[in-house]
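Peer 1: Listed below are the residues making up each chain.
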Amino acid sequence: MAAVALLRRSPAARALLSPALSSRLVASKPHSSSPAPPPPSRANTKTFSIYRWDPDSPSTKPQLKDYKVDLSDCGPMVLDVLLKIKNEQDPSLTFRRSCREGICGSCAMNIDGDNGLACLTKISSASSASTISPLPHMFVIKDLVVDMTNFYSQYKSVEPWLKRKDSPPQPGKEIPQTKADRAKLDGMYECILCACCSTSCPSYWWNPEEYLGPAALLHANRLPLLGTLIKPKPNMFMHIQARGYHGVSEKRNLLDHKRRLLAAKHELKGKLYKAVCRDPDLPADMRDQFRYKLSKLPRNSSMTRLRNRCIFTGRSRAVYKKFRMSRIVFRSLANKGELLGVKKASWWIQDSRDQFTKERLDSINDEFKLYRCHTIKNCTHACPKGLNPAKHIDTLKKLQLEG
Amino acid sequence: MASRSKLSGIQKQVLALYRGFLRTARLKSPEERHRIESVVSAEFRENARNIDRKNFVYIEYLLRRGKKQLEQLKDPDITGLSTLQINKSSSH
Amino acid sequence: MAAITTGSAVSFARPVKAINVGSVSFAGLRKDNVAFRMQPVTQRLAVICAAKKETVEKVCDIVKKQLVLPEGTQVTGASKFTDLGADSLDTVEIVMGLEEAFHISVEESSAQSIATVEDAANLIDKLVEAEAGK
Numbered sequence: 001m002a003a004v005a006l007l008r009r010s011p012a013a014r015a016l017l018s019p020a021l022s023s024r025l026v027a028s029k030p031h032s033s034s035p036a037p038p039p040p041s042r043a044n045t046k047t048f049s050i051y052r053w054d055p056d057s058p059s060t061k062p063q064l065k066d067y068k069v070d071l072s073d074c075g076p077m078v079l080d081v082l083l084k085i086k087n088e089q090d091p092s093l094t095f096r097r098s099c100r101e102g103i104c105g106s107c108a109m110n111i112d113g114d115n116g117l118a119c120l121t122k123i124s125s126a127s128s129a130s131t132i133s134p135l136p137h138m139f140v141i142k143d144l145v146v147d148m149t150n151f152y153s154q155y156k157s158v159e160p161w162l163k164r165k166d167s168p169p170q171p172g173k174e175i176p177q178t179k180a181d182r183a184k185l186d187g188m189y190e191c192i193l194c195a196c197c198s199t200s201c202p203s204y205w206w207n208p209e210e211y212l213g214p215a216a217l218l219h220a221n222r223l224p225l226l227g228t229l230i231k232p233k234p235n236m237f238m239h240i241q242a243r244g245y246h247g248v249s250e251k252r253n254l255l256d257h258k259r260r261l262l263a264a265k266h267e268l269k270g271k272l273y274k275a276v277c278r279d280p281d282l283p284a285d286m287r288d289q290f291r292y293k294l295s296k297l298p299r300n301s302s303m304t305r306l307r308n309r310c311i312f313t314g315r316s317r318a319v320y321k322k323f324r325m326s327r328i329v330f331r332s333l334a335n336k337g338e339l340l341g342v343k344k345a346s347w348w349i350q351d352s353r354d355q356f357t358k359e360r361l362d363s364i365n366d367e368f369k370l371y372r373c374h375t376i377k378n379c380t381h382a383c384p385k386g387l388n389p390a391k392h393i394d395t396l397k398k399l400q401l402e403g
Numbered sequence: 001m002a003s004r005s006k007l008s009g010i011q012k013q014v015l016a017l018y019r020g021f022l023r024t025a026r027l028k029s030p031e032e033r034h035r036i037e038s039v040v041s042a043e044f045r046e047n048a049r050n051i052d053r054k055n056f057v058y059i060e061y062l063l064r065r066g067k068k069q070l071e072q073l074k075d076p077d078i079t080g081l082s083t084l085q086i087n088k089s090s091s092h
Numbered sequence: 001m002a003a004i005t006t007g008s009a010v011s012f013a014r015p016v017k018a019i020n021v022g023s024v025s026f027a028g029l030r031k032d033n034v035a036f037r038m039q040p041v042t043q044r045l046a047v048i049c050a051a052k053k054e055t056v057e058k059v060c061d062i063v064k065k066q067l068v069l070p071e072g073t074q075v076t077g078a079s080k081f082t083d084l085g086a087d088s089l090d091t092v093e094i095v096m097g098l099e100e101a102f103h104i105s106v107e108e109s110s111a112q113s114i115a116t117v118e119d120a121a122n123l124i125d126k127l128v129e130a131e132a133g134k
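Chains as they are written, first to last, in the UniProt record's numbering: chain A, 1 to 403; chain B, 1 to 92; chain C, 1 to 134.
Next comes chain A alone, as it looks inside the complex (with noise of 0.2 Å):
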């Protein structure tokens, strides 16, 4: 107040204030989240490098360009960095955002190999140079700008709006639901489609158009089950070998056919000529013919060389007789329902006001969409809204069972 009197009165007096205060009152300092106290004045830089490629000067390759950043005088979050780069050093930077408060989800990028929203993710305070990156696997538009079509439309595959077979109870009202039942929602509808789970998934990366990822694979949870109706396909050994398992034509399980044909063959000539060595009665000169007799039987007639191998892949490990398939086949076979009589020990009741619970499980009860998830858990590492998109793909792959 003191000073802008002094100024009104004359403009002489304006170079008696200290240089600190006449800029002061010249332009007010562009706002930046430090606080009260002024800033140290020692600097504090940090090197970025950030991923950069030009599609109009198509000749370039991607490189990782550096950029040192003074992080005293810039914002605690990677966005306020890029920001600064933006402004001050190349404005020809190009990245999505816009909330810049981690709800909108437009800065997605991958950070130190980790994905998440550059709004959200601190500056890490390790001296060596970070690492900026777009989304891993997606074609890239320009810099860190990815495209998200694939992303969006899988999300819109599922159908991700409530279903209804009839008119709500009390029409023109909304539809009652309770307490417990609005609770089983929670940790699905905070999803904001960043798509930082989908690709960290390496599943996702190896089949992005078929595999529907995590972030849809939630959204297919939150709505129990709408769709449209996919019939399963009939013929169980085509599921299989489609999937590049051969079937009884794997090379393996034809050496062991021919072994068994070969043992049932000599089956009586060997146990023959072994009893005859192994009868201490006998005279020795006999026993050790009937031992060279036994020694010249080929060797694939052995019982010995006959290994159970899995029907479908010719695994020799962990197969089970009552199946004749190894562990592997027949996870995915009984989670599809395809194993007459076999059933996860567990149940699970899902949302109540969606009404298409059935046909929503077989549109993606197929080879890719659902059952490409392993189990990785990248997804739920990389969320920067701290949700856990594996245990709902975990409930839709229980409720598979049921249906």
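These aren't lab readings, by the way, just hints derived from the structure by calculation. All C-beta atoms in this analysis are idealised placements derived from N, C-alpha and C, irrespective of residue type, glycine included. Heads up, some of the hints might be wrong.
From chain A, some residues computed to sit far from chain B (all C-beta separations above 12 Å) [as the list claims (entries may be wrong)]: (1) S106; (2) L120; (3) S157; (4) S332.
Residues from chain A that face chain B, not an exhaustive set, calculated with beta carbons under 8 Å [said to hold, decoys possible]: (5) P136; (6) F139; (7) D147; (8) T149.
On the provided structure of chain A, position chains B and C as indicated by the hints.
Peer 2: Relative to the frame of chain A, chains B and C by itself:
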């Protein structure tokens, strides 16, 4: 231009995209159709001339962009297509 | 020891085969089969069905219009589009023009195989017949 006998997969995709644009252009009004065809044809020929055939990364980027634009164009509410020329300043 | 026995077995086998009448004929047949297989199969130029004259003419007209060819150029049945100065994009345009003129719709795979005026005319005839038959 590639020899007529064997078109590589990516060339086929480019031609399929071009065909898609021409088909979609038919559905619009006649003047618009003419404009769309000229814009699209100019763009494709320009890129065909300037870009190295082996630069798959950029070609795939253009294909993706083209497919998205085609999807937008297919919408019945969209009436036309136009382009604008941005002259990049030499300072960048 | 074993080697010698097998060797002698082989040497005996041949004369035995020669004596056997049936096997001689087999051996002869085998040689003939080999000879037949040597003949090259160059039947790629087989014309599936001859195209109608009017169709070919119409196609030539459309091609001339699309490619804006000067009046004197010869456009015959066998002329390739590339010879007339068209690149693959022009070919796509020509096919689209043909689609409209004849009220047919051409599939992706068939469209890519068109190289000459003759091919186009054949395809058009086939599709027109298919349309008429429906």
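Peer 1: Does P136/A hold up as a contact with chain B if the rule is Cβ-Cβ below 8 Å?
Peer 2: violated (16 Å)
Peer 1: Please verify that hint: D147/A, Cβ, nearest Cβ of chain B, below 8 Å or not.
Peer 2: holds (6 Å)
Peer 1: For the hint on T149/A, just tell me whether its beta-carbon gets within less than 8 Å of chain B.
Peer 2: holds (7 Å)
Peer 1: Using Cβ atoms and 12 Å as the threshold, tell me whether S157/A really stays out of contact range of chain B.
Peer 2: holds (15 Å)
Peer 1: Taking C-beta pairs only, is L120/A more than 12 Å away from all of chain B?
Peer 2: holds (29 Å)
Peer 1: Beyond 12 Å from every chain B Cβ: check whether that's true for S332/A.
Peer 2: Label holds. Min Cβ-Cβ 32 Å, cutoff 12 Å.
Peer 1: Taking the shortest Cβ-to-Cβ distance between S106/A and chain B, state whether it exceeds 12 Å.
Peer 2: holds (18 Å)
Peer 1: Against chain B, run the beta carbon of F139/A and see if the smallest gap drops under 8 Å.
Peer 2: Since the shortest Cβ distance to chain B is 6 Å, the answer is holds.
Violated hints amount to a single one, hint 5; each of the other numbered hints is respected by the structure.
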